[in-house]
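Fit the two chains together into the complex; they arrive one by one in their own frames, and the hints show the way.
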Amino acid sequence: MKYFYGHKERGATLLELLAALIIISFIVLTFSIFFTQSQLFTKNTEEKIDIVNLNQYILYEAVDFLHEGNIEEVLQNEVHNSYFSFLEQSETGYFIQGNNDQMYYPFIFVHRNEVQQEESIQSLKAYHVTVSLRDETNETISELYELIYETDLKEGLN
Amino acid sequence: MRRYVSQEKGYALLVVLLTIVITSLLIVPLISNALSGAVQVETTEEIVKAENLRDYSQRYYRQLLTEEITETIKALREIEGNGKSDREIFAPENFIPYLTSDIIELNIFPVENQRGRIDNLTFTASTPEEALPYLDIEAEYTGIHEGRAKSKTEILRLTFPGLAAETEELLSDIEKIKQFYERKDEAAIQYSEKKTYQEHFNYLDTVLYQQSLEMSGHAQSDIQGFYEKDLYIEEELDYSQNDKIYVKGNVYYGSDKQLKTFPGQGGNRESYLIVEGDLLVRELKVHNNSKVCVRRNVYYIDRNDQIENLLTAEMVNPLNPSIGESCDDPDTWEKGKINFMGETGQDTVVPGPQITPGSGWQISTVTE
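Line by line, the protein sequences are chains A and B. Numbered per the UniProt record's numbering, the first sequence spans residues 1 to 158. Numbered per the UniProt record's numbering, the second sequence spans residues 1 to 368.
Only chain B is shown next, with the shape it has when bound in the complex (with noise of 0.2 Å):
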C-alpha cells in the first residue's frame, strides 16, 4: 500500500474519477429539472381536462336542475291545482320539500363514462321566520381525468320573492294611490263652479273640478277632451253620447252619482271614458251606455276618501277583468261596466335568471 502512495503512478486515474463523479453530481438535478417539466406539463394536461369535465357537470346539474324545478311545478300544479291559487300552490312549505325530494330522486350521471360526477347534495331551506323564503342546494362537482380530480362547489339558490315582492307592489301603489288623491287641492287647474264644455278640449296639467263637468254638444258634434296629466271630479261627470274623454293620469271620482251617458232620452250611442292610471270611485255606477276603459286597477274609496278595497276580478258587477288585449279597441269593452286591465305601473321585471315562470320562484348562484 505504501509503495503505491509514494510512487503516484495513476495518480491521473483518480483526477479523472473525481471529475466525473462531480460532473455526474451535477447532472443528476439538471435531469431531474428537466424531467419535472416534463411531468408539469402532464400535470397541467391533466387538470385542464378533469376542471373540463368539472364545469361540463357543473352545467349538467344546473340545466338538469332548472329542468327538475320546471317539471316539479308543472306537477304540483297539476296535482293541487283544483281550486287552489299558484301563492298556495307554491308557498315555500308546501314547494321545498316537494322539490327536494325530487331532486334526491334524480339520478345524476354527467358524461356517459362517468368522468364528471356530482356529490355531497345538500339543502338548506329558510326557517318560516326569515322574510325571503329560499333553499339552498349545495353540490360539488368533479371531474376526473388520468386519475386526476378537480372540485369544487356551488351553492344554488332558489329565492322566492314572490310574496314579498307583490306585498312591497301592492302596498306602494296604495301608497301613490294616497298621494294622488291627497293632492287634488294642489291640482295646477281648478274650476269652483260648474264648468261646460261646448267643443274639444286639452288640459296639459292636473285638473279639478269641484263642481260638475259637464259636456254639452247635442248628439250631432261629439266632444273629445284630453287630460295629460291626473283628473279629480268631486262631482258629477255629465257626458253625452259619443263624447269622449281620455285621461292619461288617474282619475277621481269623488261623486255619488253614476257615469253617465247622456243626460236626456232618446239615444243609444256611447260615451267613452279612457283612463290609463288608476280609477278611484266612490260609487260603482256606471250608465248602461257608458263605456269605461282603465288600464291600471279601479280602487273603492269611502266617504272619508280612504281607499277601501283595490276592486279585483271577484267582484263582478259593474266590473269587467276580462277585456280584451289592450283599451284600444272599444268593442271588447262591456257597455255598462268598468272594463279593466289591472296592469301594474312599475316594471315587474326581477333581475337575475328567472326560470320559473309563474311560480315566484328564482334560482341563483351564491358562491362558485
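Here chain A stands alone, though its shape is the one from the complex (with noise of 0.2 Å):
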C-alpha cells in the first residue's frame, strides 16, 4: 500500500489478491442476480402487455364477427367458442398464442341476461360480450367487456 504514498513495493500480498476476489465476486453476484430479475421482470410485464392486447383483439374480433349477423346463432350454442374461427384448437380446448409462443385460453361469452332484478339486456335491446384469457391452470387473467346495440346489428346487415 505505500505504493500509493509514492513508495516502492514488490506488489500486492496473495491475502489481499485473495480478499479483493472474494469481494469482487460477491459483487458480481449481486449484480448477475438483479439482472436475471430484471430479465424476468421484463419478461412478466411483456406477457401482462401481451395478455391485454390479446384480450382487445380477440374482443374486437368477437363483436366484428358479430356484428355480421351471427349473433343469433352463436347465442343458442352454449359453447360460443367454437364459432371463432380465430381462435385454432388443440386437445386441451380453444387457444391463442401470445407473442412468447406462451398459450391462452380464451373464453368468449355472448348473453343477455338480466343485470339486476327488473332489468336486462335483452330489455336494453343490446348484447354483452364478456372476453376472458385464462391460464393452463383455467385462473382468469383478463377480461373485457363490450355492449352489442341491436340497431348497429341491423346496420352491419345491410
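Among these hints, one or two may not hold up.
[What the hints assert, rightly or not] The following label-pair restraints were derived from C-beta to C-beta distances:
#: 1; chain 1: A; residue 1: L15; chain 2: B; residue 2: S24; range: 19 to 29 Å
#: 2; chain 1: B; residue 1: L35; chain 2: A; residue 2: L18; range: 34 to 44 Å
#: 3; chain 1: B; residue 1: A75; chain 2: A; residue 2: T151; range: 14 to 24 Å
#: 4; chain 1: A; residue 1: T151; chain 2: B; residue 2: L204; range: 41 to 51 Å
#: 5; chain 1: A; residue 1: T140; chain 2: B; residue 2: N33; range: 28 to 38 Å
#: 6; chain 1: B; residue 1: D185; chain 2: A; residue 2: T151; range: 46 to 56 Å
[Claimed, not checked] To spell it out: a stretch of chain A is covered by chain B in this simulated footprint if at least three of its residues, at any positions, have a beta carbon under 8 Å from a beta carbon of chain B; those stretches are:
#: 7; stretch: 15-27
#: 8; stretch: 43-50
#: 9; stretch: 120-127
#: 10; stretch: 136-148
Keep in mind that the hints were calculated from the coordinates and are not lab data. Please read these numbers as outputs of a predicted model, since none were measured by experiment. Glycine is no exception: its CB is placed at the ideal position from the N, C-alpha and C atoms.
Next up, the structure:
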C-alpha cells in the first residue's frame, strides 16, 4: 500500500488478492442476480401487455364477427368459442398464442341475461359480450366487456 | 488508534468497502428504474381495463336512456293520447318533467359486479323563452379495475326541433307558393285568348291561360296534356271525359268555376287531373266525374290572390285526404273531390341520430 504514497513495493500480497477476489465475486454475484431478476421482470411485464393486447384483439374480432349477423346463432349454442374462426383448437381446448409462444385459453361469452332484478340486457335491446383469457390452471387473467346494440347489428346486416 | 492509522495495514479493505458503498449507491436508481417500469405496465393494464369498463358503462347508459325515452313516449301517448295531438303530448313543458322522473327512477348498474358505474345524474332543461327546447342530461361514467377508477362526464342533449322545424317548413312552403303565383305573368308561354286542344299536347315550360283552356275532343278521342313545369289557369278548365292532364309542377286555378268533366249531357267516364306539386284554388268546386289528385298540398286563395289557408284533412268536402299510397292508382281516388297526399316538398330528414320517432324529440351528444 506504500505504493499510494510514492514508496516502492513489490506487489499486493496473496491475502490481499484473495480478499479482493472474494469481494469482487460477491459484487458480480449480486449484479448477476439483479440482471436475471430484471430479465424475468421484463418478461413478465411483456406477458402482461401481451395478455391485455390479446384480450382486446379477441374482443374486437368477436364484436366484428357478431356484427356480421351471427349473434343469434352464437347465442343458441352454449359453447360460444367454436364460432370464432380466429381461435386455434387443440386437445386442451381453444387457445391463442402470445408473443412468447405462451398459450392462453380464451373464453367468449355472449348473453342477454338479467343485469339486475328488473332490467335485462334484452330489454335494453343489446347484447353483452365478455371475453376473458385464462391460463393453464384455468384461472382468469384478463377480462374485457362490450355492449352491442341491436340497431348496430341491423346496420351491419345491410 | 494512532498505531492503526500510521501503520496503513488493511487499507485495502477500506478501499474495497468504499467501492461497495459507491456501487450500491449506483445500483439503487437502476433497480428503482426497473421496478417503476413494471409498476407502469401494471398501471397501464389497470387503466386499459378501467377505461373499457367506463366505455361499457357509457354505451349501457346511452342505450338504457334511448330505451327509456322510447318507453316514455309510448306511455305518454297511451295516457294522454285521447283527443290530444302529438304536438301537445310531447310539448316540452309536458314531456320534460315526465321523462326526468322516469330516468331518476331507473336503476342503473351496467356490469353485474358493478365495476362500472353511472353517477351524478343532473338535468338541465331549457327555459320556455328559448327558441329550441332541450333537456340536458349529464352523467358521469366510471370504470373500476383493481381499485383504479377512470371517469368521464358526458352530456346527452335531447332537443325538440319539432315545433321550430315544422313552423319553418310551413312558412317556407307558403313563401314558395307566394313566389309561384307572383310569377304568374312571367310564364314562358301565355295565351290571352281561349285555347282549345283537339289532340295530345306537351309543354316543356310554364304556361299561363288568361282565358279558358278547353279540351274538346269528343268522347272517343281522349286527349292527354302534359305540363313539365307549372300551370296557371285564370278562367276555366274545361275538359271532357277520359281526358287527362298531368302537371309536374304546381297548378294555379284562379276561377270561380268548377273543374269540369264534360261539357255536354250524358257520359259517366272520369276525367283526370294529376298535380305533382301544390294546387291553388279559388273555389273548391269539382265536378262529380272529375278525379283530381294532388301529391303535395291544396291551398285556398282569395280574390286578391292571397293564400287564405292550407286545406287540411279536417275540411272534408270536397277534399279527400285519405287516398292510397300514391297518385299512381286512380282507382283509389274519390270522384268529385280533390284527393291530396300532403307530401312535403323538401326532405324532412333531420341530421343526427333520430331515436324518438314521431315525438319530435332527438338525442345527441354534446360533450365527451
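Hints, one by one, checked against the model:
Restraint check, L15/A to S24/B: a C-beta distance of roughly 25 Å satisfies the suggested window 19 to 29 Å. Look at L35/B against L18/A: about 35 Å separates their beta carbons, and that is inside 34 to 44 Å. The hinted window of 14 to 24 Å between A75/B and T151/A holds, with their beta carbons roughly 21 Å apart. Taking 41 to 51 Å as the suggested C-beta distance range, the pair T151/A and L204/B conforms, at roughly 46 Å.
Take T140/A and N33/B: their Cβ atoms lie about 31 Å apart, and the range 28 to 38 Å holds. Against the hinted window of 46 to 56 Å, the Cβ-Cβ separation of D185/B and T151/A comes to about 53 Å, which satisfies the hint. Coverage of the stretch 15-27 of chain A by chain B holds [criterion: at least 3 residues with CB-CB distance below 8 Å; count 5]. Remark: the stretch 43-50 of chain A is confirmed as covered by chain B, as 4 of its residues place a Cβ nearer than 8 Å to a Cβ of that chain, reaching the required three.
A count of 4 residues in the stretch 120-127 of chain A with a Cβ less than 8 Å from any Cβ of chain B is obtained; the coverage claim is therefore met, three being the minimum. Evaluation of the coverage hint for the stretch 136-148 of chain A: fulfilled, as 6 residues show C-beta separations to chain B shorter than 8 Å, against a requirement of three.
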